[in-house]
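Protein chains in written order, with this note's numbering: chain A, 1 to 226; chain B, 1 to 226.
Incorrect hints may have been included.
You can't tell identical chains apart in this list, so a pair holds if it fits in one copy or across any two.
To be verified - Here are the computed lysine to aspartate or glutamate pairs in the DMTMM-like style, where the Cα-Cα straight-line distance is at most 25 Å:
id, residue 1, residue 2
1, Lys211, Glu130
2, Lys110, Glu96
3, Lys42, Asp141
4, Lys42, Asp53
5, Lys37, Glu96
6, Lys211, Asp141
7, Lys2, Glu21
8, Lys110, Asp151
9, Lys35, Asp53
10, Lys42, Glu54
11, Lys35, Asp151
12, Lys84, Asp172
By construction, these hints were calculated from the structure, which means they are not laboratory data.
There are 2 protein chains.
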Amino acid sequence: MKIGIIGSGNMGRSLGILWAEQGHQVFFGSRDSEKGKAVAQKAGLGTQGGTNDEAAAFADVILWTARGVMPSELLSNKEVLNGKIIIDCNNQDIPEEFAYPAIVESLAEKLASDVPNARVVKAFNTMAQEVFELAPAPLKDYQVSVFVAGDDEQARSTVMQLATVIGFAPVDSGVLRNARLVEGLGDFIRMIMIGQQQGSYATISVNVLPKAEQQRLGGRQASALY
Amino acid sequence: MKIGIIGSGNMGRSLGILWAEQGHQVFFGSRDSEKGKAVAQKAGLGTQGGTNDEAAAFADVILWTARGVMPSELLSNKEVLNGKIIIDCNNQDIPEEFAYPAIVESLAEKLASDVPNARVVKAFNTMAQEVFELAPAPLKDYQVSVFVAGDDEQARSTVMQLATVIGFAPVDSGVLRNARLVEGLGDFIRMIMIGQQQGSYATISVNVLPKAEQQRLGGRQASALY
Chain A
1 MKIGIIGSGN
11 MGRSLGILWA
21 EQGHQVFFGS
31 RDSEKGKAVA
41 QKAGLGTQGG
51 TNDEAAAFAD
61 VILWTARGVM
71 PSELLSNKEV
81 LNGKIIIDCN
91 NQDIPEEFAY
101 PAIVESLAEK
111 LASDVPNARV
121 VKAFNTMAQE
131 VFELAPAPLK
141 DYQVSVFVAG
151 DDEQARSTVM
161 QLATVIGFAP
171 VDSGVLRNAR
181 LVEGLGDFIR
191 MIMIGQQQGS
201 YATISVNVLP
211 KAEQQRLGGR
221 QASALY
Chain B
1 MKIGIIGSGN
11 MGRSLGILWA
21 EQGHQVFFGS
31 RDSEKGKAVA
41 QKAGLGTQGG
51 TNDEAAAFAD
61 VILWTARGVM
71 PSELLSNKEV
81 LNGKIIIDCN
91 NQDIPEEFAY
101 PAIVESLAEK
111 LASDVPNARV
121 VKAFNTMAQE
131 VFELAPAPLK
141 DYQVSVFVAG
151 DDEQARSTVM
161 QLATVIGFAP
171 VDSGVLRNAR
181 LVEGLGDFIR
191 MIMIGQQQGS
201 YATISVNVLP
211 KAEQQRLGGR
221 QASALY
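Whenever a hint applies, use it, and build me the whole structure from the sequences.
Shown next as structure tokens:
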């Protein structure tokens, strides 16, 4: 798959390298072409680098790490994104004392409003950067969730695969409106990491408890608890 | 500990029985005294039952299951709650297509506004009823989180203990304002259970990944990813 990284900071570099290791073609974009090229040179693995415009033109799947900056502001022609999958991995700023404002519109929905012909998917906003050091192994042993929300089912499925190959456990989180809830999870885990001092390796997982146990203890439901 | 259950529906009965099994003194309250007594009679384990007023007067810790109904509406004298710990386990209604409104004020904060001299703690709102069938074993093997938010540290600590003894893994989630985020988790998991058809045994856990692994792979941080 051809993957373009818009804004090759820590988040973009980490995910780009992990996907390149899995055989994907990765292009690191930056506002400064030389910076994009330098990232690719250091990363190796057959990656390329250059401007954000070049990354957007190159790719089928685009990781958008420029928080709150819209394609109409960052690209010379946002139409290049039409039909493409855009992964929005961003969270709002952390406010003082973690007093997050209510999420009336998600960053992902705002992005989708700017490029209505692209297929925007929310994902990768509920873990710190440091967790990528553990990908793909031993990360896969921990069942760390990546919550994937977007209106295009095929785009969600593609992003879920991109999560799986680097060791995460994707959780289909439905339509793009649900990005409001998923960004709320991002706010929550940052409060736990920093406010509650659990550190950068604090992660969220959704687990469905095993059915065998449910059956074994099913008798309790009828007799004792209700 | 003396625990009063306000509103002895499924949630109240399950938690009350689980705590009674652990040796706590439990009083099941109801709008209808006879109903409260019937719940206690069926539950056994030395539990008592009667009116919500009686349950509130009896207890040091109160589980408030009457969603959105305030003490000033439900009790003849809300001052009986002064100084006591009130656990708010409620979530808002599920709206059509899970289009949850943004949480500007949590149910727990609303409760605390009604009884400012009580110690309100948000907890037990991120799992379905069915998960209690697995408590305390085999539940303890799954590390299912109970997110505990409240302004009184000692009250949070008490509620965390009450979660631990029945097999959950409590997560200190800080001040009561964070109940907005915790209620957002409750909205999210219900969307996953019902909207995404993962069922009632879908659970949320916060896990801190093991430090040994972090150290073993620490070299990757410096060399490859950044």
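Hint-by-hint comparison with the structure:
Taking CA atoms no more than 25 Å apart as the test, Lys211 paired with Glu130 passes between copies only; the shortest distance there is 12 Å, against 33 Å inside one copy. With identical chains, the CA atoms of Lys110 and Glu96 are at most 25 Å apart both within one copy (23 Å) and between copies (22 Å). Taking identical chains as interchangeable, the C-alpha atoms of Lys42 and Asp141 are never at most 25 Å apart, the minima being 29 Å within one chain and 43 Å between chains. In the homo-oligomer, the alpha carbons of Lys42 and Asp53 lie at most 25 Å apart inside one protomer (21 Å), although the nearest pairing across protomers, at 69 Å, exceeds that limit.
In this assembly of identical chains, Lys37 and Glu96 lie within 25 Å of each other by CA distance neither inside one copy nor across copies; the values are 36 Å within and 48 Å between. Taking the closest pair of Cα atoms, Lys211 and Asp141 come within 25 Å of each other both inside a single copy (20 Å) and across two copies (14 Å). In the homo-oligomer, the alpha carbons of Lys2 and Glu21 lie at most 25 Å apart inside one protomer (13 Å), although the nearest pairing across protomers, at 58 Å, exceeds that limit. Only within a single protomer do Lys110 and Asp151 lie at most 25 Å apart by alpha-carbon distance; the minimum there is 14 Å, versus 34 Å between protomers.
With identical chains, the CA atoms of Lys35 and Asp53 are at most 25 Å apart within one copy only, with a shortest distance of 14 Å there and 68 Å across copies. Taking the closest pair of Cα atoms, Lys42 and Glu54 come within 25 Å of each other only inside a single copy of the chain (19 Å); across copies the shortest separation is 70 Å, beyond that limit. In this assembly of identical chains, the alpha carbons of Lys35 and Asp151 never lie at most 25 Å apart, being 33 Å within a copy and 47 Å across copies at closest. Proximity of Lys84 and Asp172 under a CA criterion of 25 Å is satisfied intra-copy only: 19 Å inside one chain copy versus 41 Å between copies.
In terms of the numbered hints stated before, the structure departs from hints 3, 5 and 11, listed from lowest to highest.
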